[in-house]
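Respectively, the protein sequence lines represent chains A and B. Under my numbering, residues 1 to 257 are what the first sequence spells out, in order. Under my numbering, residues 1 to 358 are what the second sequence spells out, in order.
Keep in mind that the hints were calculated from the coordinates and are not lab data. Fair warning: this is a prediction, and the values are worked out from it, not measured in the lab. Where hints are given, some of them may not hold.
[What the hints assert, rightly or not] One side of the interface only, derived from the structure: several residues of chain B facing chain A at Cβ under 8 angstroms: (1) K22; (2) T166; (3) Q170; (4) P193; (5) S204; (6) V213; (7) Q221; (8) I225.
[What the hints assert, rightly or not] So the derived label-pair ranges between C-beta atoms look like this: (9) A:N41 to B:I286: 53 to 59 angstroms; (10) A:Q57 to B:F100: 26 to 32 angstroms; (11) B:P283 to A:I129: 28 to 34 angstroms; (12) B:S157 to A:N113: 33 to 39 angstroms; (13) A:I129 to B:G20: 21 to 27 angstroms; (14) B:I286 to A:P156: 27 to 33 angstroms; (15) A:N89 to B:G291: 50 to 56 angstroms; (16) A:K126 to B:S164: 57 to 63 angstroms; (17) B:S157 to A:E130: 47 to 53 angstroms; (18) B:S144 to A:L119: 37 to 43 angstroms; (19) B:L33 to A:N113: 29 to 35 angstroms; (20) B:V97 to A:G123: 40 to 46 angstroms; (21) A:K126 to B:I181: 20 to 26 angstroms; (22) A:E130 to B:V97: 35 to 41 angstroms.
From the three backbone atoms N, C-alpha and C, an ideal C-beta is built for every residue, glycine too.
The chain contents come next:
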Amino acid sequence: MSAPQRLSVENLSIEFGGVHAVEDVSFDVEPGETFAIIGPNGAGKSTIFNLISRLYQPTSGSIHYGEQDLLRLPAHKVVYTGIGRTFQNIELFEQATVLQNLLVGRHAHMRRNPFSDFLFWPGVRKSEIEHRAKVEDIIDLLEIAQYRDERIADLPYGARKNVELARALCAEPSLLLLDEPASGLNNEETDDISFYLEDVKHDLGITLVMVEHDMNLVGQVADRVMAINDGRLLAIGSPDEVRENPDVQRAYLGVTE
Amino acid sequence: MQFLFKTAYNDDIRFLAKTGEKVRVAIVVLFLLAAPLFLQDYYLAELGLLLVYAIAGVGLMLLTGHTGQVSFGHAGFLGIGAYAHSVLLAHGLPFIVSIFASAALAGLVGMALGRSASKMHGFYLAIATLAFGILIETLFGEWSSVTGGHMGLAVPSLQVFGMSLTEVWQQYYVDLFFALIVIAGAANLFRSPTGRSFVAVRDSELSARCLGVNVEWVKIQAFGISAAITGLAGALLAHHLTYLAPDVFGVLESLKLLLMIVVGGLGTILGAILGAIVISLLPVGISFLKGVLPAGIGQTAGLEPLLFGLIIVLVIIFEPAGLYGRWMKIRFFFETFPYYRKSSFVRQKTYLKTDRMR
Ligand SMILES: Nc1ncnc2c1ncn2[C@@H]1O[C@H](COP(=O)(O)OP(=O)(O)OP(=O)(O)O)[C@@H](O)[C@H]1O
Ligand SMILES: [Mg+2]
């Protein structure tokens, strides 16, 4: 795994048919830190992730990971810089098993050649076994061994969340974007997730950037928090500072009350 | 328990992990090897044809069943393989060179089609591949200096390494040889990175992309491999047909290939083989029906396409997982007897997937 770098986002903006989903947002995430993004529904949190993943093309601004200018890369090259992610709506390979999903997570580290794969040359077998060992480490870390050979379509929701996290980890990222890792989970499962995230942070030293509504979880794991509303930055600081910020309180009251 | 699992990766990688599966496959392969001993020529030729269709089915399955890219024009690749092989043979190329060259040509055309189709989804992809199929069929008809046009083209007789293989059983073994290679190769693909990237693109282009899968390139590869395998089947088919005409490789043939994999069960190699069996038995069933039905209905033109369509619709409604899915249920029933419950196969819950991005 490559060492974590600083993620720096500068003056990032994107419009969808006149709607400013993200407007002039700048922030840095330091290597090894846990950074949370909060904001009401439709604030533009997922859009920021999709911009970093290069799924969306920004109208202006820049995104750098260390020295690397991400805007120069196509989406499928982003993972090679060390940035992995999960999705708000869980994007697993539904008809494949957990194991197969996790092995796709190793894709960026695998050599692939349709001809040698078709013939399953000895080299392919050797590489399969090596990557399988890496996958098993992640399976142990997130304790999903009992699901290994289950199809995703047959898994309960909470297990899917874990598997998606596991799949992202299989790519050995140095920075992980987590889009609402606890949404839809009950209290117990949320505790588990925060426990796993602590593990991930300490065992693997990965920088975490997470979008999360659960303020308890944010308070537990985040070093710094950024609040946004209507695509604009409201505040950046420690969880307590951001919670106390009058703009943030107004944004939340205005939407939820 | 953990430890036990970890020493056994090699077992997991074997494509026939369970003893039961090994035995079943061994029985089928033995049956196929020994078939010329007890089958009459007519049935042996039919079995050879079935194997050829199984190859074509595996080809289309890789693309539609495993990569999720529908093709309504695959008969075009079957035709490219058949025509190219016949033309090359007629120019004196040895069988082995000719059949691989024909498959490669079909594969290249497939990659070209895949390149234009790699940004398309659903309806547009269906129309584009359909148009491709029609284009190729027209080409066979119009390019008469090479293809013989609508007059047709005679296929040179089967000769491998200078040996003339004109007996039915000889041709059967050639078909069987290629069928075994293609089926084993396809199974290999799905225990290695290439096949997994196909499945990833089928199930979620979005997350495949974020894991480093070059989605467009994977589609081009899938089209290429699929077309090459179907082209290979086409070359073998040419020897069964002995005379090529453009309309053999028309839209109806493409539909037949699709019917095969849908009925067999999308997304499994076994499904393609089961589908080939159904397709081969269908004419028998239809001629039986014609005898039983009142003459008015039995003699109606277009009974076959009608039945094709009807079968696709019934399968999609009652057993979307195809014959393969049915087989899994039957096996599960016996393996878990008396604990089988219908709900074992009911999805626990379906979750919303965002349609905003693909
Ligand atoms: N592909 C798209 N096309 C058009 N509009 C989009 C697109 N993606 C996002 N938007 C718009 O951008 C705004 C921000 O959406 P985003 O999904 O980033 O919100 P969010 O902060 O993640 O909200 P939530 O908490 O509900 O997940 C919304 O108004 C949304 O409708
Ligand atoms: Mg969101």
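**Asked** Do the beta carbons of B:L33 and A:N113 sit within 29 to 35 angstroms of each other?
**Response** For B:L33 and A:N113 the Cβ distance comes to about 31 angstroms; the hint holds.
**37 to 43 angstroms as the expected CB spacing between A:L119 and B:S144, which holds or is violated** = Roughly 39 angstroms apart at Cβ, these two residues keep to the hinted range, so it holds.
**Prompt:** Measuring from beta carbon to beta carbon, are B:S157 and A:N113 in 33 to 39 angstroms?
**Reply:** holds, 37 angstroms
**Request:** With 47 to 53 angstroms as the target window, see if B:S157 and A:E130 comply at their CB atoms.
**Result:** Since B:S157 and A:E130 have Cβ atoms about 49 angstroms apart, the given range 47 to 53 angstroms holds.
**Prompt:** Can B:T166 be said to touch chain A, with a Cβ gap under 8 angstroms?
**Reply:** Constraint on B:T166 not satisfied, violated at 31 angstroms.
**Request:** Tell me if B:Q221 is really an interface residue toward chain A, meaning its C-beta lies closer than 8 angstroms to one of theirs.
**Result:** For B:Q221, the interface hint holds, since the closest Cβ of chain A sits about 6 angstroms away, which is under 8 angstroms.
**Message:** Given a hint of 35 to 41 angstroms, does the C-beta separation of A:E130 and B:V97 actually sit inside it?
**Reply:** Holds, since A:E130 and B:V97 (Cβ atoms, about 37 angstroms apart) stay within the stated range.
**Message:** Min Cβ distance, B:Q170 to chain A: is it shorter than 8 angstroms?
**Reply:** With a closest approach of 26 angstroms, the B:Q170 hint is violated.
**Message:** Hint B:P193 vs chain A: min CB-CB distance below 8 angstroms?
**Reply:** Because about 4 angstroms separates B:P193 from the closest Cβ in chain A, which is inside the 8 angstroms limit, the hint holds.
**Request:** Confirm or reject the claim that B:P283 and A:I129 have a C-beta distance inside 28 to 34 angstroms.
**Result:** At roughly 47 angstroms between Cβ atoms, A:I129 and B:P283 fall outside 28 to 34 angstroms, so the hint is violated.
**Prompt:** Is the interface hint for B:K22 satisfied, with its Cβ closer than 8 angstroms to some Cβ of chain A?
**Reply:** violated, 17 angstroms
**Message:** Can you verify the interface hint for B:V213: is its Cβ closer than 8 angstroms to any Cβ in chain A?
**Reply:** holds, 6 angstroms
Comparing the model with each earlier hint shows violations of hints 1, 2, 3, 10, 11, 14, 16 and 20; every other hint is respected.
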